[in-house]
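Peer 1: Listed here are the chains, written in short residue letters.
2 protein chains.
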Amino acid sequence: MVFTRPESVTTWGSLGGPLLAREIHLAALPAGLPEPGDFAVVTVELAPPGPGQVLIRNLCMAVEPYPPSPAHPGAPPFPVGQPLDGPAVGEVVESMDDELRPGDLVLHGYGWRDQVVLDARSVLRIDPVPGVDPSAYLGALGMSTLAAYVGLLDIAGLRPGEVVFVSGAAGEIGVMAGQIARLKGAARVIGTAGSQARADQLTRRFGFDAAFADAEGEVAERLAAAAPDGIDVCFDNVGGEHLEAAIAALRPHGRVALCGVAPQNATETAPGPRNLALAIGKRLTLRGFSVYDHLWRMPDMLAEVGAWVREGRIVFQETVVHGLEFAPAAYVGLLRGENTGKMIVRI
Amino acid sequence: MVFTRPESVTTWGSLGGPLLAREIHLAALPAGLPEPGDFAVVTVELAPPGPGQVLIRNLCMAVEPYPPSPAHPGAPPFPVGQPLDGPAVGEVVESMDDELRPGDLVLHGYGWRDQVVLDARSVLRIDPVPGVDPSAYLGALGMSTLAAYVGLLDIAGLRPGEVVFVSGAAGEIGVMAGQIARLKGAARVIGTAGSQARADQLTRRFGFDAAFADAEGEVAERLAAAAPDGIDVCFDNVGGEHLEAAIAALRPHGRVALCGVAPQNATETAPGPRNLALAIGKRLTLRGFSVYDHLWRMPDMLAEVGAWVREGRIVFQETVVHGLEFAPAAYVGLLRGENTGKMIVRI
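Chains as they are written, first to last, in this note's numbering: chain A, 1 to 347; chain F, 1 to 347.
Bear in mind the hints are in silico, worked out from the structure with no lab data behind them. Every value quoted in this text rests on a predicted model; they were computed, and no experiment measured them. You may find that some hints are simply not true.
Chain copies aren't distinguished; within one or between two, either way the pair holds.
Stated by the list, open to error - Capping the alpha-carbon separation at 16 angstroms, the derived lysine to aspartate or glutamate pairs in EDC-like fashion look like this:
{"hint": "1", "residue 1": "282", "residue 2": "293"}
{"hint": "2", "residue 1": "282", "residue 2": "268"}
{"hint": "3", "residue 1": "184", "residue 2": "304"}
For reference, chain A alone in the conformation it holds in the complex:
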């Protein structure tokens, strides 16, 4: 895909005329996979910020595999005739809030538009890491990385010298969990992926010590082969058989950060780990978490992982599309798997 940026029609800020924003709306509900023609660029007039509010100019946004997508048949699609939403990084242009000032960089959930007025409490101020592009806060320094960071350090209490198993390691969170584990001094990092090709990427590109493809009925055996002396920490993105294999491999006082679950393991009829009773004798801790409870750790993550990103010690990939009006094409491309790594739109 080749994208070029057309002439901008936006007026930044509210000085000198009405405050206009360009937004991407879903024009019609697609029957199957959406096409760029299902979306429309709409220019709307914004009310200027009231007390406690800020006007934000969006710099970039991430395109997430949200509905309407066959991958999420149960979730509601975006409403028709309203702007879509998703993670974005913006700059405060005007502030009616005591904490935020013009020029501040903020992370929020109102992408798919070039500017927006928001309550200050619904945005997260970012302390910028020198030398790092704003799009990094949607990828290598974004919520997935915060989830990996919090899951490993706060939920699983990773200590240097431990053996870490990351299930579903080729996903956005998993690939960061493996790298953070290694940089925090794990003795050995093992990952699983959905295919042998992706497993090979984990060891070749992302520094995993061992990785293997999911193979139904063989996860425990493969994990035992990759970690013959057992594991200390499991960062679980899959559940089901992967979790059962981890419980079998965990050494005494091992910890499991329950971060995610594959769709087939999320149903009420999916079999649970048959060996959970081992958690008693082995004194295991299994703990579910949501990154949204741990946003206060963002500054710590930015400081620590930000330094690694700047030093080139973290491998991450992004596909960048230039121009808000190409966001629908980026979204369709993401659903078709045309991206490598995070799909970013610069606005």
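Using the hints provided, position chain F relative to the given structure of chain A.
Peer 2: Same frame as chain A, now just chain F:
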């Protein structure tokens, strides 16, 4: 059963002659349930305590449902021709150790004999609770109570006002867990038991707010009825369906102390909780533990629960048999279910 104590033949201490101890040995391996005739009282001469050792006069011992018992077919039986063992409380008579002094009360694992020489590090000194009989340290203030205390407070982090579910609550640990939960300010304590009669006891005698009998396929439904607004803490002694019901009922940030498992849920083919993925969204923590990692909490438990025992705020039951020579009969009686509560032998 009526027991009377015959004339003692023991010489306390090592002064004035050889140091003799009476021990109960397994004389022959029983084919099925043991009979008192399978045991023998043997008088042995002990070597006096060496450096770091103490001579202990046992005051009382607990009879546990250890093998040889059909309930534990997989565990090794006591060896023939050697003393049996089990929890006992004794008094230090002579000490060659710097920490322990004559008169100190100690808990150890060498019951089934009237006196014994042990390394000081293999006994636990008890700070006696005034007004409490030594046998209490084997029952209401013993290891089961420490497990209940640690499981609720340290593993599950119980806070006042929370709703607590104890599975297998009619057992030694469960009945204490329910009472400690109540005394620590739980808003509501719910228990399960193996029969309706035992469930009724939990509410009538032990202060549970609600209790119900295990009924296969109905635990979740009954728990939901007993705790319509959900639970915060599960103290699990059963696993399997009980744990699945708890996971369904737990509110966000709920905690499970994994303390024990029923034999049918301990096999590798037993189904695991099918709803474990709920632990992610609900931010649940499941943590297995062993009381032996937490012996340092014994003084805290003794101070807190000991005060409740002295004040009559803890309900506990014991069946007391007088005389070491009746320990085999007490053991056989225990295996036949002739006891009410803890089976104690005063020595």
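Peer 1: Each of the hints needs a verdict: does it hold here or not?
Peer 2: Here is how each hint holds up against the structure:
{"no.": "1", "hint": "282 to 293", "in the structure": "between (28 angstroms within a copy, 11 angstroms between copies)"}
{"no.": "2", "hint": "282 to 268", "in the structure": "between (27 angstroms within a copy, 15 angstroms between copies)"}
{"no.": "3", "hint": "184 to 304", "in the structure": "within (10 angstroms within a copy, 41 angstroms between copies)"}
Checked against the numbered hints above, the structure violates none of them.
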